[in-house]
Amino acid sequence: MGAAELVNRGLRDRIRALIAWSIGIAAYVALLAATFTSVKGSENFENVVEDYPSALKDLFGLSDVLLTTGRGYMDTELFNLMLPLLVLVLAIGAGSRTIAGEEEAGRLELLLAYPLRRRSAVLAKGVAVALEVAVVSGVAFLTIAAFDPVVGLDLSFERLAGASLALALLGILYAWLAVAVGAARPGRGLAIAIPAGFAAVGYLVNGLQDLASWLRPFRFVSTFWWAGQSPLSTGVRYGGCLVLAAAAVVALAAGAALLERRDLQVP
Amino acid sequence: MPGTEPPAIEARGLSKTYPSGVRALVGLDLAVARGEVFGYLGPNGAGKSTTIRLLLDLIRPTAGSAAIAGLDTRRDGVEARRRIGYLPGDLRLNDRLTGREQLDSLARLRGGADRATTDDLVRRFECVLDRPIHELSKGNRQKLGLVQAFMHRPEVLILDEPTSGLDPLNQEEFRGLARETAAEGRTVFLSSHSLEEVQRIADRVGIIRNGRLIDVDSVASLRERSLRQVEIRFREPVEPSVFTTVDGVRVRSADGSTVRLAAPETAMDAIVKEAARHRIADFVSEPADLEEIFLELYRENDGGG
Numbered sequence: 001m002g003a004a005e006l007v008n009r010g011l012r013d014r015i016r017a018l019i020a021w022s023i024g025i026a027a028y029v030a031l032l033a034a035t036f037t038s039v040k041g042s043e044n045f046e047n048v049v050e051d052y053p054s055a056l057k058d059l060f061g062l063s064d065v066l067l068t069t070g071r072g073y074m075d076t077e078l079f080n081l082m083l084p085l086l087v088l089v090l091a092i093g094a095g096s097r098t099i100a101g102e103e104e105a106g107r108l109e110l111l112l113a114y115p116l117r118r119r120s121a122v123l124a125k126g127v128a129v130a131l132e133v134a135v136v137s138g139v140a141f142l143t144i145a146a147f148d149p150v151v152g153l154d155l156s157f158e159r160l161a162g163a164s165l166a167l168a169l170l171g172i173l174y175a176w177l178a179v180a181v182g183a184a185r186p187g188r189g190l191a192i193a194i195p196a197g198f199a200a201v202g203y204l205v206n207g208l209q210d211l212a213s214w215l216r217p218f219r220f221v222s223t224f225w226w227a228g229q230s231p232l233s234t235g236v237r238y239g240g241c242l243v244l245a246a247a248a249v250v251a252l253a254a255g256a257a258l259l260e261r262r263d264l265q266v267p
Numbered sequence: 001m002p003g004t005e006p007p008a009i010e011a012r013g014l015s016k017t018y019p020s021g022v023r024a025l026v027g028l029d030l031a032v033a034r035g036e037v038f039g040y041l042g043p044n045g046a047g048k049s050t051t052i053r054l055l056l057d058l059i060r061p062t063a064g065s066a067a068i069a070g071l072d073t074r075r076d077g078v079e080a081r082r083r084i085g086y087l088p089g090d091l092r093l094n095d096r097l098t099g100r101e102q103l104d105s106l107a108r109l110r111g112g113a114d115r116a117t118t119d120d121l122v123r124r125f126e127c128v129l130d131r132p133i134h135e136l137s138k139g140n141r142q143k144l145g146l147v148q149a150f151m152h153r154p155e156v157l158i159l160d161e162p163t164s165g166l167d168p169l170n171q172e173e174f175r176g177l178a179r180e181t182a183a184e185g186r187t188v189f190l191s192s193h194s195l196e197e198v199q200r201i202a203d204r205v206g207i208i209r210n211g212r213l214i215d216v217d218s219v220a221s222l223r224e225r226s227l228r229q230v231e232i233r234f235r236e237p238v239e240p241s242v243f244t245t246v247d248g249v250r251v252r253s254a255d256g257s258t259v260r261l262a263a264p265e266t267a268m269d270a271i272v273k274e275a276a277r278h279r280i281a282d283f284v285s286e287p288a289d290l291e292e293i294f295l296e297l298y299r300e301n302d303g304g305g
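Residue numbers (my numbering), protein chains in the order written: chain A, 1 to 267; chain B, 1 to 305.
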């Protein structure tokens, strides 16, 4: 009962931010989709990319992808870097704002003085930020799906839906990681730095593993490896999605358990 | 039967030592009865807020335990907090909400508040409900904090410096509310650093300093001992030793025609009569500050032990 109010409040407090994010993402996707009409079928464009060093192509996910096709274009321009990046910024920001942010602002004291289990508070905050991520990922999905027939992207609906799901799961994992770090230790800085650092390392490991073979054994730590590259062109890694979801649940549960144990920090 | 009911608040050997080594609370033993207004008095940093946060399970004791109406604050924390209305010492609300939105949200978080009680409280304190909280003064925020603490008619109120920021009118309103609450058999535990304030509201007072409860006493007997600082300016030089014949009086300083005394309220009559033997230019009597009273208590304790 009380926890439901935390979800409700968490979302209401973010309604303006969510609207802004949704408009921004939709506009960005629309702009890219519109420019696709001038790239479509252009051999020159393909040749330019063909001449890129393979290291760069690997890093930016340009291997195995035809830029002049709708799916290759959307993979390269959106799903391989830009959308995960944007969703991660939203997710880590939102996640760190919950327990860590409210504790830093001194608001957590009153909240935890109410008859509410701390783990319920963490889970409720988790649900709220997951919904935020889901809304923004959903907006990306809907905008792409709407432009598909207009500019002739010719996408597989199943792959687009799957790629959007993987995007949302990736975002939820990082949001919950930020919630969990804030639950485990006071301070918003750490709740941003740890997930962001983890994302940066994971991105590099995944991007460079073909170039630097010694990195290959470490590809399992990369959430981007699990989420899969170029999902529209090469298919969605549903198994990887399950791993992301499981990791997210473990992170949030650990955060809930750790907040139960520690002293609240008061400003 | 009152005898079999557990006390509203009970602490047994309650201690908190922070990882830094700071001993914020040392072996607190305390029982606050139902229907009592208990004042928890001490200077800033004495351990008042630490005690209160332990009672609410916001921080965890390094030794000992506490219970609210017999419910252990650690094991049955949720049930214990259901019976508590809490006002933090440093109240932070959701600044972007209006007062009404904040109170509604907190009521839902609690799983419901008493509508009539809430309306009554809002009226009594003349709360500003329709403006965003960030536009409100400290006093107006504090009033919202009081409303949320009382709005579900809790058995136990734990209020950390409840009158801070309130104007005198609202302070009086609060005192009335606390007395009514106690008269209904509910319990009010409030912290303060002002002896004057606590004397006006509490039945009993606990005095804490450096993390240790040094005295628990009824307000009546505290008042008997309550120390005044007296400064008398005479028109002619006066030998200060004439005042030391009065019981409990101590000469703090004297220079010719000005005499400064520390004296319990009970000695005032004798002091005035003694002083009246001489021509007086000015007579000032004011409550001693808390530190002075603590020093006096320590002197007593040393003398007794």
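Incorrect hints may appear among the rest.
To be verified - For the chain B half of the interface with chain A, some residues (derived, Cβ under 8 angstroms), not all of them: (1) V78; (2) R108; (3) V128; (4) I280; (5) V284.
As the list claims (entries may be wrong) - Just some of the chain B residues that point at chain A, by a computed CB distance under 8 angstroms: (6) L58; (7) I59; (8) R82; (9) P88; (10) N94; (11) R100; (12) S105; (13) L109; (14) D114; (15) R115; (16) A116; (17) R124; (18) C127; (19) V246; (20) R250; (21) R252.
What the hints assert, rightly or not - Label-pair distances were calculated between CB atoms; the ranges are: (22) B:E184 x A:A193: 49 to 57 angstroms; (23) A:Y238 x B:G27: 53 to 61 angstroms; (24) B:P19 x A:G197: 20 to 28 angstroms.
None of these hints come from the bench; they were simulated from the model. From the three backbone atoms N, C-alpha and C, an ideal C-beta is built for every residue, glycine too.
Each hint tested on the structure:
Checking B:V78 against chain A by beta carbon gives a least distance of about 5 angstroms; that is within 8 angstroms, so the hint holds. With its C-beta approaching chain A no nearer than about 4 angstroms, B:R108 sits inside the 8 angstroms limit, and its interface hint holds. Here the hint on B:V128 is broken, as its CB sits about 19 angstroms from the closest CB of chain A, past 8 angstroms. A cut of 8 angstroms between beta carbons decides the hint on B:I280: the least distance to chain A is about 50 angstroms, and the hint is violated.
Interface restraint check: B:V284 against chain A, minimum CB-CB distance 40 angstroms, threshold 8 angstroms, status violated. For B:L58, the shortest C-beta to C-beta distance to chain A is roughly 4 angstroms, which falls under 8 angstroms, so the interface hint holds. The closest approach between the C-beta of B:I59 and any C-beta of chain A is roughly 4 angstroms, which is under the 8 angstroms cut-off, so the hint is satisfied. Evaluation of the B:R82 hint against chain A yields a held restraint, the C-beta minimum of about 4 angstroms falling below 8 angstroms.
Checking B:P88 against chain A: minimum C-beta separation of about 5 angstroms stays under 8 angstroms; hint holds. Given hint, B:N94 at the interface with chain A, holds; its Cβ is 7 angstroms from that chain's nearest Cβ, closer than 8 angstroms. About 14 angstroms separates the beta-carbon of B:R100 from the nearest beta-carbon of chain A, more than 8 angstroms, and the hint is not met. Interface restraint check for B:S105: the shortest CB-CB distance to chain A comes to about 5 angstroms, inside 8 angstroms, so the restraint holds.
For B:L109, the shortest C-beta to C-beta distance to chain A is roughly 5 angstroms, which falls under 8 angstroms, so the interface hint holds. Taken as an interface hint, B:D114 does not check out: its beta carbon lies about 15 angstroms from the nearest beta carbon of chain A, beyond 8 angstroms. Checking B:R115 against chain A by beta carbon gives a least distance of about 17 angstroms; that is not within 8 angstroms, so the hint is violated. Annotation: B:A116 was flagged as interfacial toward chain A, and the flag is violated, the nearest CB pair being 21 angstroms apart, outside 8 angstroms.
This hint is violated: B:R124 has a C-beta 21 angstroms from the nearest C-beta of chain A, more than the 8 angstroms allowed. Interface hint status for B:C127: violated, as the beta-carbon distance to the closest one in chain A is roughly 17 angstroms, over 8 angstroms. At a threshold of 8 angstroms, the smallest CB-CB gap from B:V246 to chain A is about 46 angstroms, leaving the interface hint violated. Interface restraint check: B:R250 against chain A, minimum CB-CB distance 39 angstroms, threshold 8 angstroms, status violated.
Hint on B:R252 is violated. Least Cβ distance to chain A is approximately 38 angstroms, over the 8 angstroms limit. Look at B:E184 against A:A193: about 51 angstroms separates their beta carbons, and that is inside 49 to 57 angstroms. The supplied range of 53 to 61 angstroms is met by A:Y238 and B:G27, whose beta-carbon atoms lie about 59 angstroms from each other. Distance hint for B:P19 and A:G197: a CB-CB separation of about 26 angstroms, consistent with the stated range 20 to 28 angstroms.
In summary, the structure is inconsistent with hints 3, 4, 5, 11, 14, 15, 16, 17, 18, 19, 20, 21 from the numbered list given earlier, while agreeing with the others.
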